[in-house]
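*Asks:* Those protein sequences? They're chains A and B, same order as listed. Per the numbering used here, residue 1 is the first one in the first sequence, and the count goes up by one each step. Per the numbering used here, residue 1 is the first one in the second sequence, and the count goes up by one each step.
Quick caveat, the hints were computed from the structure, so don't treat them as lab data. A virtual CB, placed ideally from N, CA and C, is assigned to each residue, including glycine. A portion of the hints provided could be inaccurate.
Stated by the list, open to error - Derived DEER-like restraints, expressed as beta-carbon distance ranges: (1) B:SER122 x A:ALA90: 43 to 53 Å; (2) B:TYR115 x A:PRO114: 22 to 32 Å; (3) B:ILE138 x A:ARG147: 17 to 27 Å; (4) B:PHE128 x A:LEU64: 37 to 47 Å; (5) B:TRP55 x A:TRP92: 17 to 27 Å; (6) A:GLY43 x B:ARG125: 14 to 24 Å.
To be verified - Straight line, CA to CA, 30 Å or less: simulated DSS-like cross-link-like pairs of lysine-lysine: (7) B:LYS31 x A:LYS17; (8) A:LYS145 x B:LYS31; (9) B:LYS144 x A:LYS23.
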Amino acid sequence: MSVAKSVMMHPTVTTSKRSATIKYSMVAFLGGCLLAVQMFLNGVLAETVPAMKASLFVHIVGLLTALGLCLSQSSSAPPASVIQPPRRLAWWVYSAGAFGGIAIACMSVSVSSPLGTSGAVVFIVLGQILYGACSDAFGLLGAVKRRLTRWDLVQIICLIVGAVMVIV
Amino acid sequence: MNQLLAFAVLAICGGIFLGVNRALLGQLGGKVGASGASAVNHIVGVLFLIPLVLWAAGTSILQLSSATPWYAYLGGIIGALFSALTSFLIPRLGVMKTTVMFISGQMLGSTVIDYLQQHLHSPVRAAFGVALIVTGIILGEYHKFKAPPARSVDHPSA
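Model the full assembly from the supplied sequences, consistent with the hints where possible.
*Replies:* What follows is the structure in structure tokens.
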């Protein structure tokens, strides 16, 4: 069935897909707020425990939580993918956690450097945005290619300028 | 100056690796589900951090300080939920949009926390910064909603 035919038969498909995307964006935004809470709690922990050790304990608590989440899922089959069909994953995809660990190490070192927390955060944010732009533009690491619209650019510019205003 | 530059590059790399982590989590989610991806993320993360901590902290690795308040360990729970959320959102929103939303929410959250703790050096400017970020998000989402959907990129033709 062509896209045009499916849209005519289900005229609400595109609208609901767009509103679903906005809902996901709002959920992501709230998730970001939670991330700030996590950073605060990690900071409290790091006051009495050395940074890397604190990170390890946070990870262990997270591991127990994640395993609990897995066990509490009623169906054992993974949900069907939304956009990419399930296929064999290259072995290195499972190394996601290692990159998280490396990221934590880089961030901890740069935060405790002369840059300070604020200075480091600006560049950490910059690195994430750089990767995000390249990932969507070139489809890095198997991600779906997405076109960057001017409104995405508006959001990025507002974010960078606003972040600098908050941090500096 | 060179030292600052080196640390700045290191911080940028940290951000890039964080992006890589998220992209891979997005891929994992399709195969093992969101909570499975979170579990894999944390298992490998723990395995990676143990030798690092042993090298940095020596044999006192398992010693905890009694001065630590109990709620300080809750960050891990948020982390697990966050990893699951990441692997759920990345295939639906893409790495760029997810990252922008995460960082924006983080800016708002950390500004509020800093304000409550009175750590903000210039609360008015920070408030304007947050207002700018939120304005950008609202504008972007509103126009995304009004604009016709992007063609060819994520519509499979049957």
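*Asks:* So, for every hint listed, does it hold in this structure?
*Replies:* Hints versus structure:
One distance hint, 43 to 53 Å for the beta-carbon pair SER122 (chain B) and ALA90 (chain A), holds here, with the actual separation near 47 Å. Under the hint 22 to 32 Å, the C-beta atoms of TYR115 (chain B) and PRO114 (chain A), about 26 Å apart, fit the expected range. At roughly 21 Å, the beta carbons of ILE138 (chain B) and ARG147 (chain A) sit within the given window of 17 to 27 Å. Hint check: PHE128 (chain B) to LEU64 (chain A), Cβ distance near 41 Å, so the stated range 37 to 47 Å holds.
Against the hinted window of 17 to 27 Å, the Cβ-Cβ separation of TRP55 (chain B) and TRP92 (chain A) comes to about 24 Å, which satisfies the hint. For the hinted restraint 14 to 24 Å between GLY43 (chain A) and ARG125 (chain B), the CB-CB distance of approximately 22 Å keeps it satisfied. Proximity of LYS31 (chain B) to LYS17 (chain A) is assessed by CA-CA distance (about 23 Å); at most 30 Å being required, the pair is judged to hold. A C-alpha spacing of about 19 Å is found between LYS145 (chain A) and LYS31 (chain B), which places the hinted pair at or below 30 Å, so the restraint holds.
Restraint check for LYS144 (chain B) and LYS23 (chain A): the C-alpha separation of about 12 Å stays at or below 30 Å, so the hint holds.
The structure shown violates none of the earlier numbered hints.
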